[in-house]
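Numbering (my numbering), first residue to last: 8 to 105.
Think of the hints as simulated: they come from the structure by calculation, not from any bench. Every residue, glycine too, gets a C-beta built ideally from N, C-alpha and C. All the given hints hold, so there is nothing to weed out.
As a list, the in silico PhoX-like pairs of lysine-lysine whose alpha-carbon atoms are at most 25 angstroms apart: (1) Lys72 x Lys30; (2) Lys30 x Lys102; (3) Lys30 x Lys93; (4) Lys93 x Lys72.
Each pair of labels, with its calculated beta carbon distance range: (5) Val89 x Asn22: 15 to 23 angstroms; (6) Asn22 x Ile85: 12 to 20 angstroms; (7) Val75 x Glu39: 15 to 23 angstroms; (8) Lys72 x Asp33: 28 to 36 angstroms; (9) Asn22 x Gly94: 14 to 22 angstroms; (10) Ala76 x Lys102: 16 to 24 angstroms.
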Amino acid sequence: MSIDYDEKREFFRMNTNSAMTIKPADSDEVYEGVCVNLSANGVLFTSSQRFDPGSIIHINITPTKAVVAPLDAVVEVIRTQVDSEKGYAIAGQIKQIS
Numbered sequence: 008m009s010i011d012y013d014e015k016r017e018f019f020r021m022n023t024n025s026a027m028t029i030k031p032a033d034s035d036e037v038y039e040g041v042c043v044n045l046s047a048n049g050v051l052f053t054s055s056q057r058f059d060p061g062s063i064i065h066i067n068i069t070p071t072k073a074v075v076a077p078l079d080a081v082v083e084v085i086r087t088q089v090d091s092e093k094g095y096a097i098a099g100q101i102k103q104i105s
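Could you put together the complete structure from these sequences and hints?
Here you go:
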């Protein structure tokens with residue numbers, strides 16, 4: 008019996024599709040994006056701005072429902088792929104939650 012890739016993940020991923028802001032640690036620029044999904048230690052989001060693997064960014068995710076608090080976190084970019092519809096799909100590892 009084979010286990011699907013999603014089932015091998017250490018943490019459950021929650022689909023969010025929530026607005027977010029992204030600020031590189033080495034810049035004062037703030038960019039917009041959409042958080043696609045979130046887990047206990049990672050995030051996948053789309054943005055028109057490219058962020059290179061290894062980059063440290065500060066993110067703020069504003070949930071679509073008020074029952075969940077916003078998330079402020081420091082994230083290390085793990086992977087960036089071109090997304091033909093939204094610019095870039097970016098995966099990151101959460102390093103610190105504020």
